[in-house]
Amino acid sequence: NAGVTQTPKFQVLKTGQSMTLQCAQDMNHEYMSWYRQDPGMGLRLIHYSVGAGITDQGEVPNGYNVSRSTTEDFPLRLLSAAPSQTSVYFCASSPAGEGYGYTFGSGTRLTVV
Amino acid sequence: GESVGLHLPTLSVQEGDNSIINCAYSNSASDYFIWYKQESGKGPQFIIDIRSNMDKRQGQRVTVLLNKTVKHLSLQIAATQPGDSAVYFCAENSGGSNYKLTFGKGTLLTVNP
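Respectively, the protein sequence lines represent chains A and B. When you line the first sequence up against our numbering, it's residues 1 to 113, in that order. When you line the second sequence up against our numbering, it's residues 1001 to 1113, in that order.
No lab work stands behind these hints, which were simulated from the structure alone. These numbers come from a predicted model, not from an experiment. Possibly wrong hints are sitting among the right ones.
[What the hints assert, rightly or not] Derived BS3-like pairs: lysine-lysine, alpha-carbon spacing no greater than 25 Å straight-line:
1) B:Lys1105 x A:Lys9
2) A:Lys9 x B:Lys1042
3) B:Lys1071 x B:Lys1105
Model the full structure from these sequences, guided by the hints.
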């Protein structure tokens, strides 16, 4: 049981490049989310999913796309990277329903130059 | 305690002392709250949670207090140890939505040996 696995752990992109951050969980959790964390700030929700085939926007969705074709995977795509997207990205998953906390991955540190 | 400013609030305690970390949450419709611990370079780790029908919940060396009247949450850590040094975040289910969490800005706890 690996929990929530994120790849890569580190990435440097040039402005305008695109890439996909991978997230997989093996706990059969219905809910999955992507957050970004910037220095001195808490985590901000980018996109979330309540099940396969269902996604929605969070607080800061601009510049990012997601899809949820399976329960296990929830990739985050940066369409055209910008320096403002330099951040640490966390994926998290949770069982559906009340009273469950999210389990977080170890993060991807992304730098856009 | 946590604030809306750009600087991370800090709390410095001596090993063996009790620590109290405070959090003001934003949405009166939120009914589930979680404290997370984040060590340097790692993802947030679930510590303890509480539902709005409770005002206190205890775990191992940790206690969470909830005051719904003033929308305030606190985390008490007994006999604080150097391994407790980390950033602590409170989170609320956004207006009662179990699939979305809103995080506070975090408090940096430093435990001096």
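Quick rundown of the hints versus the structure:
no.	hint	result
1	B:Lys1105 x A:Lys9	holds (23 Å)
2	A:Lys9 x B:Lys1042	holds (11 Å)
3	B:Lys1071 x B:Lys1105	holds (16 Å)
The earlier numbered hints are all upheld by this structure, with none contradicted.
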